[in-house]
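Chemist: Between the sequences and the hints, there should be enough to build the whole structure, so can you do that?
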Amino acid sequence: MPTCPNGHQSVSDDWCEVCGHRMAAPAGAPAAPSYGYGYPPVGADATAQAELCPQCRTPREAMAPFCEECRYNFLTGNPTSYAPPAPVQPAPPAPAPGPGPASYAQAPYDYQGSRPSRVNRPAEPLAGGDDWLLPPPAQPAPTAPPGAQPHYQQQEPVQQEQHHRPQGTGWSATIGPDRSYFMAMMQRSGPEAAGLNLPAYSPEQHLPLSGGQITIGRRRASTGESPDIDLSVPPEDPGVSHQHAVLVQQPDGSWAVVDQNSTNGTTINGGEEPIQPYVPVPLNDGDRVHVGAWTTITVRRG
Numbered sequence: 001m002p003t004c005p006n007g008h009q010s011v012s013d014d015w016c017e018v019c020g021h022r023m024a025a026p027a028g029a030p031a032a033p034s035y036g037y038g039y040p041p042v043g044a045d046a047t048a049q050a051e052l053c054p055q056c057r058t059p060r061e062a063m064a065p066f067c068e069e070c071r072y073n074f075l076t077g078n079p080t081s082y083a084p085p086a087p088v089q090p091a092p093p094a095p096a097p098g099p100g101p102a103s104y105a106q107a108p109y110d111y112q113g114s115r116p117s118r119v120n121r122p123a124e125p126l127a128g129g130d131d132w133l134l135p136p137p138a139q140p141a142p143t144a145p146p147g148a149q150p151h152y153q154q155q156e157p158v159q160q161e162q163h164h165r166p167q168g169t170g171w172s173a174t175i176g177p178d179r180s181y182f183m184a185m186m187q188r189s190g191p192e193a194a195g196l197n198l199p200a201y202s203p204e205q206h207l208p209l210s211g212g213q214i215t216i217g218r219r220r221a222s223t224g225e226s227p228d229i230d231l232s233v234p235p236e237d238p239g240v241s242h243q244h245a246v247l248v249q250q251p252d253g254s255w256a257v258v259d260q261n262s263t264n265g266t267t268i269n270g271g272e273e274p275i276q277p278y279v280p281v282p283l284n285d286g287d288r289v290h291v292g293a294w295t296t297i298t299v300r301r302g
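As numbered in full-length UniProt numbering, the sequence shown has no gaps in its residue numbers, which increase by one up to the final residue, 302.
Keep in mind the hints are simulated off the structure, nothing from the lab. Please read all numbers here as calculations on a predicted model, not as lab measurements. Wrong hints could be hidden among the right ones.
[Claimed, not checked] Between beta-carbon pairs, the in silico distance windows are: (1) 58 with 234: 39 to 45 Å; (2) 235 with 187: 18 to 24 Å; (3) 63 with 221: 20 to 26 Å; (4) 3 with 223: 15 to 21 Å; (5) 201 with 3: 31 to 37 Å.
Even glycine gets a Cβ: it sits at the ideal position worked out from N, Cα and C.
Modeler: Right, here's the structure in full:
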């Protein structure tokens, strides 16, 4: 199976399906490693000493943005409404075997107590669309005031509450090829980018920003994992990593972009230097996020 310059095995022999790097051509002597389209290489030691979650003291796994136990946000430092699991109460001694409901009391066994330890083991696969980051905890719905009141009196506090919600709802993203970004990228890239061509036609995509986070990357063919903004659809951007970046909603309702230690990096508003991995960069209305060889994501409010 072919191996890319970064050491990943890939079924595809032109672009690595793990990191998006161009596969090395067969040659007699190994070539010097390449780090993408002119961006600086990532440090050799990307690991960090195990960090404890300040909220539940669970070890942080592999620079994960969220705590897998209580979903504490390591990137923004926002605590969550986390309640430690209640201690397991010993089951009362079962009475003598009898008919009917007595048999149901023995059915639910303590799942939490028998679960294996979370420390020093691989992270469990996440279900469905949560394969990138754990979603932030859901906000509790406003409760109605106690006591029976006429219907029109109950609606008034709800309308007042909506006026006091933070500004920031209604953000959206426009995704598409960017000729200016592509030409600038080609000028600062090495010979490995000589075979790239800007797509002749690709319609723009429009995506409302909701749910607390929007993942950016390419679908992984081996596992079927797909991000929210999937840049593997034709025309595929080969410079985008499978797990490239993520848009994260801030407490005030605005949005920030976080690079996921991608191979070719993430830049903003035509800048040449990529942003630092795993560090949220706040975005303003109209800011442009550049990923891969030609893709620009423009965020707008309202």
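Chemist: Are residue 201 and residue 3 spaced within 31 to 37 Å by their CB atoms?
Modeler: holds, 34 Å
Chemist: Is 20 to 26 Å respected by the C-beta to C-beta distance linking residue 63 and residue 221?
Modeler: Holds: the Cβ-Cβ distance is about 25 Å, inside 20 to 26 Å.
Chemist: Is the gap between the beta carbons of residue 235 and residue 187 within 18 to 24 Å?
Modeler: Holds - the Cβ-Cβ distance for residue 235 and residue 187, about 21 Å, lies within 18 to 24 Å.
Chemist: Hint says 39 to 45 Å; check whether the CB-CB distance for residue 58 and residue 234 agrees.
Modeler: Holds, at about 41 Å.
Chemist: Is 15 to 21 Å right for how far apart the beta carbons of residue 3 and residue 223 are?
Modeler: Roughly 19 Å apart at Cβ, these two residues keep to the hinted range, so it holds.
In this structure, none of the earlier numbered hints is contradicted; all agree with it.
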